[in-house]
Amino acid sequence: MNEKNESEIIKSREENLKFILEKGIMPYKYSFQRTGTINEILEKNKDIKEGAESEDVEMLAGRLISLRLHGKTIFGHIKDSGNKIQIYVRKDDIGEEQYEIFKKLDIGDIIGVEGKIFKTRTGEITVKVSKFELLTKSLLPLPEKWHGLKDKEIRYRKRYLDLIVNDNVKKNFELRTKIIKEIRNFLDMQGFLEVETPMMQLIPGGAKAKPFLTHHNALDLDLYLRIAPELYLKRLLVGGFEKVYEINRNFRNEGISIKHNPEFTMLELYVAYADYKVVMQIAEDLVVNIADKVLGTRIIEYQGEKIDLTPPWKKLKMTDAIKEYSGIDTEKESEQELINRLKQREVEIRQGITKGELIALTFEEFVEEKLIQPVFITDFPVEVSPLAKESRKNPGFAERFEPYIFGREIGNGFSELNDPKEQEKRFKEQIEQDTGGEVARVIDKDFIEALKVGMPPAGGLGIGVDRLIMFFTDAPSIRDVILFPLLRPQGSE
RNA sequence: GGGUGAUUAGCUCAGAUGGUAGAGCAACUGACUCUUAAUCAGUGGGCCCGGGGUUCGAGUCCCCGAUCACCCA
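Using our numbering, you'd call the opening residue of the first sequence number 524 and step up by one each time.
Quick caveat, the hints were computed from the structure, so don't treat them as lab data.
Among these hints, one or two may not hold up.
What follows is a set of in silico ranges between Cβ atoms, one per label pair, in the way DEER data are often shown [to be verified]: (1) D808 with K654: 30 to 36 Å; (2) L1006 with K855: 46 to 52 Å; (3) S1000 with E719: 26 to 32 Å; (4) T958 with D745: 34 to 40 Å; (5) H593 with E667: 20 to 26 Å; (6) K694 with E952: 29 to 35 Å; (7) I677 with D852: 35 to 41 Å.
Here are the simulated lysine to aspartate or glutamate pairs, EDC-like style, with alpha carbons at most 20 Å apart [to be verified]: (8) K693 with E676; (9) K944 with E972; (10) K654 with E676; (11) K840 with E880; (12) K829 with D957; (13) K878 with E972.
All residues carry an ideal CB built from backbone N, CA and C; glycine is no exception.
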């Protein structure tokens, strides 16, 4: 950390750099023309016989990750974004002067090599180096080669080191990109239009969460980073788009945990003329499609638990789920009885709480964590579903669902409320109930106005993309699927 | 916000009962022209997270703080 230690450890690298500069070698080259990636070259030469040499001279580049010096020969490995390959350097092949320069390379340097491909006695496909070039000098040591980098703090803070050293980390992030691409592909094929709506909003709506505040100078205007895109996507339904979706960042100014990062990626989609049943089907199809296309299996293992994504997923009304998993009959029990149960679990109960809110809290407290296999929880109390239509069959409950996997809510969907007067009333009730600053104090009048123009009946769905990716990559923490998770800054540096 | 644990060499980790610190890898020097956790011989490297205390003496005990991890709200 301090200068003295650092100079101890990098002294030899600085000396090597000096040696190289004295030889007139530029330590930071502009480019290097490769004949292929390491994977391509390995594939091309996979059938080469032991002792034989390839006809073609190949040019490869990568980071030097290991070195074995044997007097007049050197073995090592270089690694590019796809794979690693062994290199073999002989003094006889590259000449005395070049050999001396090669010996001054350090693990971590990025080099280009030129040479024919052969197979060693031990059967490893190897580059017989006839020429090499230093492309980038590395001045700091890499983490140790077989234990790798374990310290979570350094892994998250210095993700570049994590990516260099831990191959599975890189694979998980590649998988993340594949999953998101597959989501887009799936929706595009069904005629959805991907759109982008404001990240900076005057009134942060569409969810219950504390927002981040920012300021626009020229307009002298306070703005909020969005907590959800919902109200803007619905405006697009009013405008005549019938199937829209957005995959983008939401920001919530709340605690950080294994399941929460202040900025996270959300998918929201809306389908005109559809109700919640239609989007529930889309949610199931979407997840199963990822399993099929990206993993090639519908049975995934998450944190040692086998999860079977094979459709159709179970559907359970919230009150039935409570009955089934906890034995509590919320229809029969009075509000006070539910309050007593919750207080025993040290759940905070606000003054004037409604029955619906109590049902939702009971569900969270007694049921959620038990929902390991995929299940749709439906029929949420209207009081906790201010943007959803009331059920046609089940008064007091909304046409709403949330898919649960491994005790975690991975999405949220409903038949979208499009009655402007009812919507305004629900917003007002929300503001009255809010105690924690999780609801904007102002009603989004423009949104109400849009509803007055007329929004077609519609089903909507939101899916927490990071959490979904956690399942598919068997990641225990959301930080393992976000390249640069938010951490508290450290004092020095 | 509360609780528990961690923090020792560049990395991964040891350091009972308090006596100024150890290993492997990495680094450095030397030997070695098919090695691959190369091998062999040698060398250097530490404000033991920070600040206070207790003690003749603290990496170790106590208090405060920092960061991270996990659990809870």
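* Asked: Tell me, which hint numbers fail for this structure?
  -> 1, 4, 6, 7, 10, 12, 13
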